[in-house]
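K.L.:
Each chain, letter by letter, is given below.
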Amino acid sequence: MGFDFNSLLAFIIFGVTIGVVYGIVALGISLIYSGLDIVHFAHGEMYMFGAFFGLVLAHNVGVPYPIALIGAMILTALLGMAVERVFYRRLTRAGGGYTVAGMGMIICGFGMSVALVNAAYFFFGAEAEPFRANLDYIPRLTFPGDINVPESYVLTAIISVLLMAGLHYFLRHTKTGLAVRAVAHNKDIAYLMGVNVPLMISLIFGLACGLAAAAGVLIGPMQSVQVEMGYLMLMKAFAAAVVGGFGSLPGAIVGGIMVGIFENLGAAYISASHKDIYAFLLLILVLMFKPSGLFGVEAKVKA
Amino acid sequence: MRVLNKVFAGVMAAGVGLAATAAFAGDIRVGITMRMVSENGQAYGQMVMDEIKAINDAGGINGNMIEATLMNDECKSDKGVANANKLIFQEKIHLLIGSTCSSVSLPIVDVTAKAGVPQMIPHSTNAKITQKGSEWVFRIPVSGRYYGGVNAKYVGENIGTKIAYICAADAASVGDCANMEKQMRARFGVEPAYRADVQEKEVDFRSHMQKIKSMNVDGILVAALAETMARALIQSYEAGIGEDVRRIGSSSASNAPVPKIAGDAAKGVFFTAAYAAADDRPIAKLFNEMTRQRYGIHAPDHDFSQAYDLVRIMEMALNSADLNLSDSSLAADRTAIRDAIASVEGYEGLASGPISFCAAPTPQCRDGNRTAVLIGYTKGGENFETEVLARVTMEPDFGLE
Amino acid sequence: MLEVKDVHAGYGNLKILRGINMDVPTGGIVTLLGGNGTGKSTLLKAVSGLIPLMQGDVFFNGVNISKMKPHQRMRLGLVQVTQAKEAYPAMTVEENLVLGAYTRKDREGTRADLEKVYEFFPVLRERRKQLSGTLSGGEVQMLVIGRGLMAAPKMLMLDEPSAALAPKVVLEIFANINRIAKSGVTILVVEQNVRMALILAQYGYIIRDGVIMMQGEADNLISDPAVKDSFLGGSVADTSKSLRN
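Residue numbers (my numbering), protein chains in the order written: chain A, 212 to 514; chain U, 211 to 611; chain D, 355 to 599.
FYI, nobody ran anything at the bench for these hints, they're computed from the structure. All C-beta atoms in this analysis are idealised placements derived from N, C-alpha and C, irrespective of residue type, glycine included. Incorrect hints may appear among the rest.
[As the list claims (entries may be wrong)] Derived DMTMM-like pairs (lysine to aspartate or glutamate); straight-line CA-CA distance at most 25 angstroms:
1) U/Lys421 to A/Asp399
2) U/Lys477 to A/Asp487
3) U/Lys372 to A/Asp215
4) D/Lys359 to A/Asp215
5) D/Lys421 to A/Asp399
6) D/Lys508 to A/Asp487
7) A/Lys386 to D/Asp578
[As the list claims (entries may be wrong)] Have a look at the derived ranges for each label pair, beta carbon to beta carbon:
8) U/Asn593 to A/Phe333: 24 to 30 angstroms
9) A/Ala330 to U/Asp320: 33 to 39 angstroms
10) D/Gln556 to A/Leu498: 55 to 61 angstroms
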C-alpha cells in the first residue's frame, strides 16, 4: 500500500482521540501512585465499573448521557474510596504508614482486580452490552482529506481535555489541591500541617477512580461495554503512565496520546494483527533511552 | 490478570480432579465442553442437558441412561483441553461433545484422537478440524470451506468482486477469511482490494474504515467473533461508508450479540449459516417456538440448531451401537459409538440439508453437513429480523486442495 | 502548657520510649537534648501524634490529646516544625507557607501572618515564587519555621533547627527562635547541638535510651560536669551574649 498523506493524518487524529482516553486513565494511575505510592492494578476494573454504571444510568434509569457520565464518575469514585478504605488501607497501615507495603500491595491489587471482575460478572453478566448514546448535539468533525471524526470521539476529546484542565486547576489553584499535593509528597508533614491525611487519601482515590469511570463512559458508545474490558485498558494506561514518567500528571496525558498515535501507526504501517504490542514497544523504546520516562521528575505530582 | 486466572483455573481443575468419583457401570457417559460465557451459551448448554434428560425420561438408550457432564471452557483452548482430559481420563466418558470455538475444538481433536474417544463438534467451522485425519471426529455444523464457497459465489455474482477484508485473529475468522479469499481467487480470479488482519478483540477499526472508504469497494467482509464484528460494523458507518457498500459477515454473524450490539449497523449484513430462524419448514417453526418458550430466545441461531441436531444424531447412533457398558469394555464401546456415528446417513433435522457421515477419517466423510443457507439481517437490535437469501449444497470435495 | 506523663512509644514491637515525663510551661523555651537514636524524634512524633502511644498520656493546655490524630492536635495550636529537608521542594515558597495555614479559616489573619513571616525572614519574600527545592539550607530552615508560624501556633516544636547548617546561620536561626518566643509562642526545641540549645532555652531535658537521664535549668545544665563531659567541649561564653539580648 502506497504512502498517502491523508491516511497518515487520519491515523494520527484517531490515535489522539483514543490516546486522550488512555491519558485520563493513566492520570488516575499516576495520581494514586504519586499520592499513595501504590501501583493500582485494579484500576482497569474501575474503568469497567464506570462504564457499566454509566450504561445502567443511561439505559435502565434513563438519564441523559452527560448526567450518566457524571453519575458514573461519582459512583465509581465512591466504589474506589470504599475499596481503598476497606482493603488497601489495612495493608498500607501494616506497612507502617499510608505508603508502600511492597509486594503485599501488588498482590492485593491483582486480587482486587480478579474479585471486581467476578463481581461484575455476577452483577452485569458476561455479554457485551451496546451503549447507545444520543450525541446528535455534538458536531461531527471533518478534516481535510475527508477524514470523518465521529461525534463520540469529538466528545471524548472535549471531555478529556476538560477533565485534565479541571484536575490541573484543582491541584494548582485550590487549597485542597495544595493539600493533596502535600499528602502526595509526604504524609507525615502534611499531617503536621493539619491536613486530614486519611480524607485526602480517600479524595485521591475517588478522583482517580472517577477519572477512570469517565474514560469508561466515554469509550462505551464506541466499543460496547463488557466485563473484561478493563484489562487491556489497564495495560495501555500503564504504558502511557510509564512512557510519560510514572507519577507525572502531564506525562500521563502526553504518554497516553503517544501510545494512541504509536499503536495506530504501527497497526497501519507494520501489522494490525498485533496492535496491542506497539504500546509496549514504545514503552521499551522510551525506557531504553530515558528510563525515567519523558516527563520523569524527581519530585512527584508536578501537575 | 489473565495469567492469574489461568493459575487459579489450574488449581481448581486439580481440586476437582481429586474429588472425582468412580463412574457407574451401565451408564453411557457423555462429556460436554462448550463456551457458556454468554446468556446464549448458557441457554444452549442447558438445552443440550434438557434434551439428554428427555431421552433418559423416555427410557434411555435401550434401557441405559445417559450420564452427561457439562463443562464450560469459556472459549479458551487451555480450559477446553483441560476439560477434555478430565472428562476422558477421570470421568471415563464414552463420547465427547465439544467445543463451540474452533480454537478450542482444534486442540481437543488431538486429545480425542490419542485417547480413542469419539468427538462430536457442535459448532466449530474451521476447516482444519476434519483435515487432521482423526478417525474420531464428527462435525455437525457446516465447514468453513463450504461457507467460503457459498459466500464467494453469492458475493461475486450479486455484489461485485472488489472486496475489502477485515480478518480477526481467532481461529474461526482466520479460516473464514482464508476460505473466502481462496474461493474469490478460484472463482473470479480476484485478490482482496484491502486486507487488514486485526486482533481477536480489536476495538478500534477507524483507520481501516478510513482507508476502505477511500477505495470505493463493492463490499466489506468482516470476519470476527460476534462482539468484535459488531464494533467493526458500527465503526464502518461512523467512518461514513454508505449502505451501498455491502457488509458481509463471517460465520459468527449468526450470533445474536451481533445484531444486538451493532443495532442499525447490522441491517443489510448477510452471512452464511447452517440454520435460518426465518426457515419456514414446520420443524423449524416448532424449534423456534420451543427455544423461545423454554429459554427465552428471540430467534435461535445455528448454535442452537446444531446442538439440537447433535443430540438427535447422538441418540440415533447410540441406539444403533452395540454397547456392553462395563469397565472393561470402555475402549470397545467407544469404538462402537464411533462406528455408529460414522454410519449415520441422510439425517434430516434443523440443518438446511441432510447430514451424512462415513467411515474414512477424511474431511469428505466427517464434514457431514454440506448445505449452507445465506441469511441477511433486515433489522438490527434486540428484536432483530432476518431473511433467507439462498440455500446452497456443496460437493464433498469442495474447498479441498 | 504541654505535659508528657509516663509515655511509652515505639514502632511495632520495638519500644523506644520507656516512661518519659516532661513539662513545657507556657511562654518558655524548653529544649530536649540527646544524641542520635536516643528517642528524641520518637518523642516528638508521639507528642504530635504521628505514632500512637503504648502507654501514658499527653496533655495540651490541660486537654488529654493522647488519642487525637495529628491534624486535630495541630488545630489546638500544637504545631510541629519539621526538619528543614522536609519542605515541599516541588512547591513554591509561598505555597509552602500557605500550606502551613491550611487549617485556618480567617483570611485576614492569615494574610497578616504571611506579612509577619516575611518580616521575620525577608529573604523568603524575595524568593516567594521560587520552588523551595532551590533554596539554601538556612533559607529552607527559615521556610519551615515560617510555615509553622503560619498555623498561628500556641506552641511550636522544632526538630533540630541547627542540623547541617553553618554556625553563623545557626546563630541567626536561633536568634529568630528567641524572637518568636518573645512574641508569646511557647517553644520546645529538640537539638543535638547542646551548647547552643542550652544558651537559647531556660530549661532542658536530656534523653538517653528512651528515658530522661537528666533535667534542670539550662544554666545549671551548662555548668554540670556530667553534661559537660558527655556533650560539651570548649567555652560557651562568647556566643551566649549575642543570643540572650
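K.L.:
All hints are to be evaluated individually against the structure, with a verdict given for each.
P.N.:
We went through each hint and held it up to the structure:
no.: 1; hint: U/Lys421 to A/Asp399; result: violated, 56 angstroms
no.: 2; hint: U/Lys477 to A/Asp487; result: violated, 30 angstroms
no.: 3; hint: U/Lys372 to A/Asp215; result: holds, 21 angstroms
no.: 4; hint: D/Lys359 to A/Asp215; result: violated, 80 angstroms
no.: 5; hint: D/Lys421 to A/Asp399; result: holds, 17 angstroms
no.: 6; hint: D/Lys508 to A/Asp487; result: violated, 59 angstroms
no.: 7; hint: A/Lys386 to D/Asp578; result: violated, 49 angstroms
no.: 8; hint: U/Asn593 to A/Phe333: 24 to 30 angstroms; result: holds, 27 angstroms
no.: 9; hint: A/Ala330 to U/Asp320: 33 to 39 angstroms; result: holds, 37 angstroms
no.: 10; hint: D/Gln556 to A/Leu498: 55 to 61 angstroms; result: holds, 58 angstroms
The earlier numbered hints that this structure contradicts are 1, 2, 4, 6, 7.
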